[in-house]
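Both chains come to you apart, so use the hints to assemble them.
Protein chains in written order, with the numbering used here: chain A, 19 to 141; chain B, 100 to 228.
It is possible that some hints are incorrect.
Residues from chain A shown here face chain B by an in silico Cβ test under 7 Å; the list is partial [what the hints assert, rightly or not]:
#1 M45
#2 A64
#3 A104
Rather than coming from a laboratory, the hints here were simulated on the basis of the structure. Note that beta-carbon positions come from the ideal geometry of N, C-alpha and C, so glycine has one too.
This is what each chain is made of:
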Amino acid sequence: MSYLTDRKRAVGNGAGSEGTHHHWKMMVSSICLVVLVPFFVFTFGAGLGGTYEDVQAYFSSPFVALVMALGLIVGLRHFKMEIDEAVEDYVHGLAQKLTLIAVNAATYVLMAVGLFALLKLAL
Amino acid sequence: MADVNRGNRPLSPFMIGPYYRPQMTSMSSILVRITGIASFGMVFLVVCWLLAAASSETAYDWVNWLLTSFVGDLIFLLGTWGIWYHVLGRLRHVVWDFGYFLDVETSEKMGWGMFIGATVLTLITIIAV
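In isolation and in its complexed conformation, chain B is listed as follows (with noise of 0.2 Å):
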């Protein structure tokens, strides 16, 4: 049985489009990878500002201000909502992992509530900060 077609069949991500209509489902979980990476991208810059901080008041003036301007704000604005719709899709995988919720359509509830629960967090997080 394993010799049949060995390599030369569409791989998942690829079948989204042409052959397979996004879903709730699969949007969602795309965008916890891609949030999961930007985050990394997100604590470079956090790692920039502390060195700067630490080094000398001219280097921090410049890298708060290159941060703090519009596009910093910007940049920063949608680094926390990426790293709260991670948090969110993150738990909804270990909600899984305990083997509850696992069927479609509280799936898609979960999916749902992950855009409308980082929307809500990162309006509280201005608020806050």
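This is chain A alone, in the form it adopts within the complex (with noise of 0.2 Å):
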């Protein structure tokens, strides 16, 4: 029998080991994209599939660029944090710090790609 509490050996053991501060995050940007999603779906939706020249012209509109731009960074921040969360579930050990830095960097790397590109279409 240890001397621990089990209060004390209870702390920091969630799966992902830092309280309600994750879910919180989750609740801000889904309702966030509760509002942003049909926007950018309806916005990439008519922007998807014209010409090369079409699609230069559409996409220099600042609404759409706005539309898009924030669409891929909350986005992007919120579906890495729901893989965050998968990954905590099944993957432990080595493997799960590895899966956490990969994802980590494959959302920021999508990110400032989109956002480049969204930049040089815009302007």
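Structure follows, in structure tokens:
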């Protein structure tokens, strides 16, 4: 029998080891994305499939560029947290750490590439 | 009490099937996670398309052809359903988190609402876009 209290032993041992912080961040980005995703889907959908010239003209609109950029930033961060949650549940040990790092890297690579492409199209 | 049975108990997702029958609540919840992860893949495709459009006409024509081919259309159709389903699923989480509709009966109804709502929203997207 250990002298540690049950509470002491439990603190930090949740799947994410960080209490409700992750949950609250999910709530915030979920609520923002409920508004943002419809804008993103219809805006991107209208641009997909046009000719090269159509697309250059369409994505130079400030509204389109901003909806796309916001969608990429907020969306990618949300989906990253979504994947982190699954990884923390099912992958453990060193594999977990490496997977979380890879997901983190992939998220910000996609974000940087996407924002660069949008900037180039918009300006 | 904390010494009892540490680490040697079945984890809940692995209990579905052999020990625990699939239910509307568990299935609709699992699908929220799956569609969330799949949406990351959809963002990858969108970013590829944007990068091609920002690079050159040759690159754009190739990637655009790929993503609007039959397979591309199918992936975007499923991806559209997935993102709508995920939005409705996360909305359900927000509603639950604020303390409403936590009873089983309403939760199951919201689960059906997510499947039906995502399908309706996908049809609207196809018509509008």
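* Indices of hints not satisfied (ascending) -> Those not satisfied: there are none.
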